[in-house]
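Heads up: the sequence lines are chains A and B, in that order. Every letter in the first sequence is one number past the one before it in the numbering used here, and letter 27, counting from 1, is 32. Every letter in the second sequence is one number past the one before it in the numbering used here, and letter 167, counting from 1, is 172.
You may find that some hints are simply not true.
Chain copies aren't distinguished; within one or between two, either way the pair holds.
With a cut-off of at most 30 Å between alpha-carbon atoms, the simulated DSSO-like pairs for lysine-lysine come out as follows [said to hold, decoys possible]:
(1) Lys54 to Lys265
(2) Lys313 to Lys22
(3) Lys209 to Lys45
(4) Lys342 to Lys265
(5) Lys169 to Lys22
(6) Lys54 to Lys298
(7) Lys201 to Lys298
(8) Lys169 to Lys207
(9) Lys173 to Lys54
(10) Lys54 to Lys302
(11) Lys169 to Lys265
(12) Lys201 to Lys342
(13) Lys424 to Lys173
(14) Lys54 to Lys340
(15) Lys12 to Lys342
(16) Lys313 to Lys222
(17) Lys298 to Lys313
(18) Lys207 to Lys298
(19) Lys207 to Lys22
(20) Lys54 to Lys348
(21) Lys54 to Lys207
(22) Lys302 to Lys265
(23) Lys45 to Lys222
(24) Lys222 to Lys54
(25) Lys399 to Lys207
I should point out that these hints are in silico values taken from the structure, not numbers from a laboratory. The model shown is predicted, which means the values in this text are computed figures rather than measured ones.
Number of protein chains: 2
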Amino acid sequence: MGKLARKVAMIGAGMSKFGQHFPVKRNPDLWVDAWIDAVKSVDNGIEAKDVDACYVGNFTADLFNHQGHLGPNMANLVGLTPKPAPRFEGACASSGIALRQAILGIASGVHELIAVCGIETMSEVPTTMVTDALAAAADATYEYPAGATFPGLYAAVASAHFHKYGTKPEDLMRVGIKNHENGKENPFAQMQQSIKDIMESKIKRAESQGQQVPYWKDEIDFLSSSANPYIASPLRLFDCSLITDGGACVFLASEELARKFTDTPLWITGTGQGSAALSLHDRDTLTSFIATKEASKQAYSMSGLGPKDMQIAEVHDCFTIAEILAMEDLGFYEKGKAAEAVKNGESRRDGVRPINTSGGLKSKGHPVGATGAAQAVEIFKQMRGRAERNRQVKFDVERALTHNLGGSGGTCVVTIYQK
Amino acid sequence: MGKLARKVAMIGAGMSKFGQHFPVKRNPDLWVDAWIDAVKSVDNGIEAKDVDACYVGNFTADLFNHQGHLGPNMANLVGLTPKPAPRFEGACASSGIALRQAILGIASGVHELIAVCGIETMSEVPTTMVTDALAAAADATYEYPAGATFPGLYAAVASAHFHKYGTKPEDLMRVGIKNHENGKENPFAQMQQSIKDIMESKIKRAESQGQQVPYWKDEIDFLSSSANPYIASPLRLFDCSLITDGGACVFLASEELARKFTDTPLWITGTGQGSAALSLHDRDTLTSFIATKEASKQAYSMSGLGPKDMQIAEVHDCFTIAEILAMEDLGFYEKGKAAEAVKNGESRRDGVRPINTSGGLKSKGHPVGATGAAQAVEIFKQMRGRAERNRQVKFDVERALTHNLGGSGGTCVVTIYQK
């Protein structure tokens, strides 16, 4: 893969509140919320007339809302008709792909300023239908008819990682604990509670209802109890990300135009995308995602940077095991070493390389098609020193990375941001 | 919109046979058929290792096959794992968008050689479900719940055109007659029969079955009879395109690389994309598609050419009225003048500007997500003098255009090709 023919800048980014919004808000409302939040983030202001295309990332409004053809729909809502409005899909990496294609679109010389839209509404349909729709991201020929759902597929990945590297259930729990601590500080997150908060609220509820009060000596003890039921062993409820509605919006611009909107554009210096066979049984290994390795190799090569240069990262923790895999496949840690780093607090927001300061998919929520764009929103905030509450990292972030995964690693998009 | 930062060439293109292939062939098989046909079309040969990405256009395998995340799936089948494999969607313009994004991807400097895949399998589900799935390309908030299907929406467009410009049912029939004459000469077409052939076979069947033998004085008379039932007045059966399974593959390359594969690359000198509100009731007019006007304006401007320069075109005749609209909105004719041009034979393959020499969606077939890429296949053949049977136009084609529409004009992609 070659270099970008011209520089691309991120000049603004915003998002809707993530959560379960149906029936009060649906895709159109959440996208407009995100658009308004992103417009506010642009230093010198921005209007629809400044934007020359709307790149929409969405996994499957077809199945969730019986609405395909989302591009023109989203563009029209914010005054962008009749401008180009393509939709991009790569399961949960859909808006990561939209972001990447917008980078290429600007580098190509054709576009000057693109609004990237990530959008998904999952709570309109019952949970079983959500699981069924999500399964369309896995292989429909072998995996889906066999009853494989995503918790099941990631459980296989976790089991293999446990077997090969000695990873333990507690290692996964620590990922969730950290991400909930971060999500607690994010006013846009779906679950703004730490695992400790959740544990204590359960104790209080038992007390207030006159039931037997459970005793848990710490969060790990709580997460190891029946209060955290198995979804697909070894994955329990708190190893899984959430069913979420949400939208995100990112403004990308050419170098010339970026200066008009802000004195401090953030540069996108690396983009990479990789793919893998959809079926786990077609892969060489379950403990590493080839799509992540390929995407990060391309992005590092383009930016001239390596994993050690990345100061913060938003990674795709659709399940806690996925964060462990990402930390390793992105080259932050050797294979089998990420769990120890989590235990040592290295990925906490006061650690050496904070990961998922937003709360991640685990706590911020995971409106699948919106997640990739929402990761860029967090990077925008952290690099500009605008992260809310107590979530802002304590150092100046000059280099950051986002990692957006589709399905059980069938697609990966990696993006590198620099000041 | 700006210019392409570097030149982009089409170096090969091929397709599967279009038709109803289920259960013998499904998406994977049809894509591999298309890939093999495209590989054969490359003068100096091509292998998977030469290709650095797979750009997949598909409308809704989610609804037709419960398979989203088609990018990595298609890439894997032809040996492109772990390369980037995004999927693009804009209803029936899905692979037109894939083609456009591939053009931008190469111009961006990131990609050198991209395989564009257009794919759709529609015959796996019953016809009523096809109609239902296609309706996801219309507006799901107002149009779909009101029972509006695509024949109904285009019937409204046709009625408005009749009212405003005096267009008549016979004008639409002549579009179908011409396209079937072309499709008869296309070995890849779903219906390789002229309307006359169909009429005569109905007469023969009546004779052989001892039924009353119908008398039709010509094709117009036949198409005006009850043998051509109304689908949504004024549109009859032979005004509608087909339910089709099919795949198409186009290889695009940078200038440097193109020379390695062929001495006669075809250059893509213009690309444009436009959008409109999905709902007809949100439009200013029913007799013109703003998305087509916007897309063609961008493409003409980029190429420095105008409508008069286009020697042949493949336009999106999902319904016969759509070809009339396209001829006008692309600037080939003034509004209200296209029907007369069709009557005069100007768009026949021996006319002044042949349109849909492939047979168009009407006769070649319309596997929705594959159509945009398949249009480029026909242009490749005509420009290289390789159109089969009696379909090759009699002059040297130096400049050509494709017009790919999504939904009832919600998306349009226009591409301009030059020698």
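Checked hints:
| no. | hint | verdict |
| --- | --- | --- |
| 1 | Lys54 to Lys265 | within (14 Å within a copy, 42 Å between copies) |
| 2 | Lys313 to Lys22 | neither (32 Å within a copy, 51 Å between copies) |
| 3 | Lys209 to Lys45 | neither (40 Å within a copy, 71 Å between copies) |
| 4 | Lys342 to Lys265 | neither (45 Å within a copy, 45 Å between copies) |
| 5 | Lys169 to Lys22 | neither (39 Å within a copy, 47 Å between copies) |
| 6 | Lys54 to Lys298 | between (39 Å within a copy, 18 Å between copies) |
| 7 | Lys201 to Lys298 | neither (34 Å within a copy, 58 Å between copies) |
| 8 | Lys169 to Lys207 | neither (35 Å within a copy, 69 Å between copies) |
| 9 | Lys173 to Lys54 | neither (53 Å within a copy, 40 Å between copies) |
| 10 | Lys54 to Lys302 | between (37 Å within a copy, 18 Å between copies) |
| 11 | Lys169 to Lys265 | neither (52 Å within a copy, 46 Å between copies) |
| 12 | Lys201 to Lys342 | within (26 Å within a copy, 73 Å between copies) |
| 13 | Lys424 to Lys173 | neither (38 Å within a copy, 62 Å between copies) |
| 14 | Lys54 to Lys340 | between (48 Å within a copy, 28 Å between copies) |
| 15 | Lys12 to Lys342 | neither (35 Å within a copy, 46 Å between copies) |
| 16 | Lys313 to Lys222 | neither (36 Å within a copy, 80 Å between copies) |
| 17 | Lys298 to Lys313 | within (15 Å within a copy, 49 Å between copies) |
| 18 | Lys207 to Lys298 | neither (41 Å within a copy, 60 Å between copies) |
| 19 | Lys207 to Lys22 | within (25 Å within a copy, 62 Å between copies) |
| 20 | Lys54 to Lys348 | neither (49 Å within a copy, 42 Å between copies) |
| 21 | Lys54 to Lys207 | neither (51 Å within a copy, 56 Å between copies) |
| 22 | Lys302 to Lys265 | between (33 Å within a copy, 27 Å between copies) |
| 23 | Lys45 to Lys222 | neither (44 Å within a copy, 68 Å between copies) |
| 24 | Lys222 to Lys54 | neither (57 Å within a copy, 56 Å between copies) |
| 25 | Lys399 to Lys207 | neither (33 Å within a copy, 80 Å between copies) |
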